[in-house]
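The residues making up each chain are set out below.
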Amino acid sequence: MIDRKPNPKAWLLLLPMLALVAFNAVLPLMTVVNYSVQETFGDNVFFWSGVEWFRQVLLSDRFHQSLLRQIIFSAAILAIEIPLGVLIAITMPRRGIGVAFCLVLMALPLLIPWNVVGAMWNILALPDIGLLGRAVNGLGVSYNFTQQPLAAWITCVVMDVWHWTSLVVLLSYAGLCAIPQPYYQAAKIDGASRWAVFRYIELPKMKHVLTIAILLRFMDSFMIYTEPFVLTGGGPGNTTTFLSIDLVKIALGQFDLGTAAAMSLIYFLIILLLCWVFYTVITRKGQQ
Amino acid sequence: MAEIQFDNLAHSYIKAPDGADDWALKPLDQRWEDGGAHALLGPSGCGKSTLLNIISGLVAPTTGRVLFDDEDVTALRPEQRNIAQVFQFPVVYDTMTVHQNLAFPMRNRGVAETDVQRRVGEIADILGLTSDLNRRAAGLTADAKQKISLGRGLVRDDVNAMLFDEPLTVIDPHLKWKLRSNLKLLHQRFDFTMIYVTHDQTEALTFADNIVVMNEGRVAQVGTPAELFERPRHTFVGHFIGSPGMNIVPCGIDNGCAVIAGRRIAIANANAALHRGGRNMELGVRPEHIRFCDDGIPVTVKRVDDVGRSRIVEITLADVRLKVFVLGNDALPDANPRIAFDPAYTHLYQNGWLAGEDAAHD
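First to last, the protein sequences are chains A and B.
When we follow my numbering, the leftmost residue of the first sequence carries the number 1, and every step to the right adds one.
When we follow my numbering, the leftmost residue of the second sequence carries the number 1, and every step to the right adds one.
Just so you know, these hints were derived from the structure itself, not from any lab.
Heads up, some of the hints might be wrong.
Label pairs and their calculated CB-CB ranges [stated by the list, open to error]: (1) B/114 with A/194: 24 to 32 Å; (2) A/179 with B/343: 53 to 61 Å; (3) B/70 with A/95: 32 to 40 Å; (4) A/91 with B/175: 36 to 44 Å; (5) B/89 with A/198: 19 to 27 Å; (6) B/142 with A/282: 39 to 47 Å.
These numbers were taken from a predicted model, which means no experiment stands behind them.
Ideal Cβ positions, reconstructed from N, Cα and C, are used throughout, including at glycine.
All chains, please: the whole structure from these sequences, using the hints.
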C-alpha cells in the first residue's frame, strides 16, 4: 500500500474554481435569496419582509395551476418519450451503413435551437397557412392551437416529443450496443422469446442510461420555456403557461421582484427534490 | 446426448472467400463420440470459437453439414438444436433470482411447473447453489455465476451437448481448480457430450479424453492427451503441447535416419524417412525424451533453468539449440556432456507434418 499524506496546499489549487463558482452560481443565487426576503417600493430602498413572499407564492392559486400544468406536461412527455425512444432504439440497426444514417437522422432535431423549434412548429401548425394545421383541418378535425386549449397542449407535447425523443433514443441505443453478444446468444439457447430478451436482458442493462435519460428529460421539460413561449406564448389564456413562463411574466412583466425571487427558489427546490427522489428510487431499486 | 459429426464443414467470414487465408475454418471431417469430453485447443484466432459457434448454431457454416446422431442440424436455429452453452463471461439474468435463472430455459419450453421445481432443486443441490436460490443473481461472484450458466444447461434433460467457451477465464486462480474438478465430476455423473474450448493446455488435458488441436483454421491433430504428447502429428502440436514444447530442428536424412550436424539419429518413423527427399525436413523430439548419458553425442551446456521439481537444460549440438528436461534429483554431467535421443519418441517431420502422415493435408 502507498502511504499518502494529505497535502493541505492542494486546497490552494481549488481557489480559482471556487472563485468561478462563487461568481457564476453562488452570488447570483444569493441575490435571488436577497430579493426573496425583502420588499421594495423603488429607489433601491429595501425592507425586510421575512417569509411573506414564500407564503404568498405557496398559497396562490396561480402558482398551483402553473405547477400542476408543469407536472402534467413533464409526466406526459416522459410517458411518451421514454417508451418511444426505447422502441426506436431497439429497432435501429446495430451494424452496416444504416447505423450512421439513423444516428445522423436522430441527432438532427437535437441540433436545432429551441426558439427555432418553437417558430417551426408555430408556422407548421397554424390552421390557415401551416402544412400540419391545414392538413388536420382538411381531414375534418377542428384544430386551432391558438384558440383551443387541448390543441395547444397537444401541439406543445408533440413538439417536445419531436425535439427530444432523439436524446432518449441515442442514450438507449448506446446502452443496447454495450450489451455483450453472449447475452443474446445465451437467451437464444435458453429459448427466450423476443419479449423475454427485452424484459430480462435489454431493459436491465439499459437501466443506467434510462435513469440518465429520465432525469435529463424531466429536468429539461420541467424548466421548459422557449419552445412553448414561441409557440403559444402561454395561451390560449393561461392554458399553456408553465412554471418558467409564469415566472418570467411575474418577474419581467409585473416586475414583482420579491414574488418572482421566492417562486424561483421554490421552483429550484422542487426540481432538486424531484431529481433526488427519482435518482434514489431508481438506484435503490437496482440494488435490491 | 448425441454423437456429433462434421461433414466437409468450412467457414469464412468473408462473403466471397478467395484463397486459404480467407477461411476461418478450413474443410473439416470429424466424428465425435456420444458422451465424450472433447476439447478444442489452440491459440487465439485458430478457429476454435468459430467451430463452437457452428455447433451451437450461432454461426451458419459457409459450406458443409453438422450432424447430431446422423440428423442434419445445419439449418436449425440454436434453440432447436437442444444444446447448452457456457460462455467466457458469465451470462446470468441480472434481475432474476438464482432459482428463476435455473428455471428460465424450462419455463421457456413450457415444462410443467412441478418438474421445473424438482429439476431446479436437484441441480442447485448438485452445484451447491441451494442456499443462494432466492438471492438475486446479479450480486453473486463470477464462479457462482458460471455455475448458474452451467446449471441452465443441466436442468434440461433434452440437451444434445454442453458447450464451454473458455469458461474459466474470469475465475480466480484458486477457484479455477475447484470448478474444473467439479465440472469433471458432473461430466462423469451426467454423461453429457461435452465440448470444451480453451487455449490452456492444462485445462484441455485434465478434462478431455479427446483433444482437437487447431491451428490457423485447421485441425492439426485429434487424439488423447498421451497421443498428443508422444506422437504429435504436426510440429505445431509438438510445440503447443508441453512446457517447454518440443525441440524442432532442421535436419537432413540418410538411409532412414535423421542427420543433425553430421550425426545420425535414429527415429520412430524411419520407414517414412526412407522414401523421402531431403526438403523441409525437421526433427522433433521432446525435452523429456532426450537424456544425458556417457556414450552419446557430445554437446555443450549453455544454461540451466531450475523450475522447481526439475531443471531445463539448454544445450547446443554444433550450432543447433536443444532443450533437455532433467528430473530434480538426477545429476547433471560436469565435463564432456553427451546426449542420447529416445528413438521411440523422436520423429521426422516434413513441411510441418509427421513424415508419412501428411498426404491427406496438402
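For the pair residue 89 of chain B and residue 198 of chain A, does the Cβ-Cβ distance stay inside 19 to 27 Å?
21 Å, holds
Range hint compliance [Cβ, residue 142 of chain B to residue 282 of chain A, 39 to 47 Å]
Given range 39 to 47 Å: violated, Cβ gap about 26 Å.
Regarding residue 70 of chain B and residue 95 of chain A, is the given constraint of 32 to 40 Å on their beta-carbon distance met?
36 Å, holds
Pairwise beta carbon distance, residue 179 of chain A to residue 343 of chain B, judged against the given window 53 to 61 Å
Given range 53 to 61 Å: holds, Cβ gap about 57 Å.
Return holds or violated for the Cβ distance of residue 91 of chain A and residue 175 of chain B against the range 36 to 44 Å.
Given about 41 Å between the Cβ atoms, the range holds.
Supplied distance hint 24 to 32 Å, evaluated on CB atoms of residue 114 of chain B and residue 194 of chain A
28 Å, holds
Hint 6 from the earlier list is the only one contradicted by this structure; the remaining hints agree with it.
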